[in-house]
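Undergrad: In case you want the letters, here they are:
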Amino acid sequence: DAGVTQSPTHLIKTRGQHVTLRCSPISGHKSVSWYQQVLGQGPQFIFQYYEKEERGRGNFPDRFSARQFPNYSSELNVNALLLGDSALYLCASSRQIRAGAPTAYEQYFGPGTRLTVT
Amino acid sequence: QQQVKQSPQSLIVQKGGISIINCAYENTAFDYFPWYQQFPGKGPALLIAIRPDVSEKKEGRFTISFNKSAKQFSLHIMDSQPGDSATYFCAATRDDKIIFGKGTRLHILP
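One line per chain: the protein sequences are A and B, in this order. To convert, count from 1 in the first sequence and add 843; that's the working numbering. To convert, count from 1 in the second sequence and add 1054; that's the working numbering.
Please keep in mind that the hints were generated in silico from the structure rather than gathered at the bench. For clarity, every value in this text was computed on a predicted model and none was experimentally measured. Among the clues, some could well be false.
Computed spacing ranges between beta-carbons, pair by pair [stated by the list, open to error]:
1) 1095(B) <-> 904(A): 33 to 39 Å
2) 1133(B) <-> 903(A): 16 to 22 Å
3) 1115(B) <-> 906(A): 32 to 38 Å
4) 1111(B) <-> 899(A): 22 to 28 Å
5) 1164(B) <-> 853(A): 29 to 35 Å
6) 1100(B) <-> 873(A): 31 to 37 Å
7) 1099(B) <-> 926(A): 25 to 31 Å
8) 859(A) <-> 1100(B): 34 to 40 Å
For glycine and all other residues, C-beta sits at the position ideal for the given N, C-alpha and C.
Whole structure, please, built from the sequences with the hints as guidance.
TA: Structure (structure tokens):
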């Protein structure tokens, strides 16, 4: 089975522009999460969607938005780009590994989109 | 506030040696503790994970040791190989949201 796919692979934008990043989850996975990874740091949680509904949001400004489509693919949008938005943007899809209290999930990551803002 | 603290920041190990990476967490509500391996230019790959009601989990050369009372867990890589050279992230999850440590850059000398 194909893993999580993301497009584009690389992107160069200018300050003030907007960008749309795309993600397709592993077949059968209904949850998609987005993370930002700045060079030399661990990924930081941005958004999570399940069945087209937002299920969580990290500490990111309103310039960041996302949505999930009926086929469970997802888009991350960033408006008014800043130099500090330069990072690797990762998408992950989840599968439930344990039901009950608490329910546990495993997340599988795509290769990421490298965004450079100049 | 850093909810998952990871050490060391970098680690150099001889081929065949044991690599050990340590992590500590603060929130007792975390319900799953995965480790991810990341190569340059790639996304993190799930390596091994443990539930908080288990003290140890072993998969091949990789072992997680978990101490719930101390809120600490560690990754041991036995018989370390040059191909293990990568950045390793410990993490903690709650409700399918992951909090990552800052990562350990591991280099295995041939």
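Undergrad: Each of the hints needs a verdict: does it hold here or not?
TA: Results for each hint:
no.	hint	in the structure
1	1095(B) <-> 904(A): 33 to 39 Å	violated (27 Å)
2	1133(B) <-> 903(A): 16 to 22 Å	violated (41 Å)
3	1115(B) <-> 906(A): 32 to 38 Å	violated (43 Å)
4	1111(B) <-> 899(A): 22 to 28 Å	holds (27 Å)
5	1164(B) <-> 853(A): 29 to 35 Å	holds (31 Å)
6	1100(B) <-> 873(A): 31 to 37 Å	violated (18 Å)
7	1099(B) <-> 926(A): 25 to 31 Å	holds (29 Å)
8	859(A) <-> 1100(B): 34 to 40 Å	holds (37 Å)
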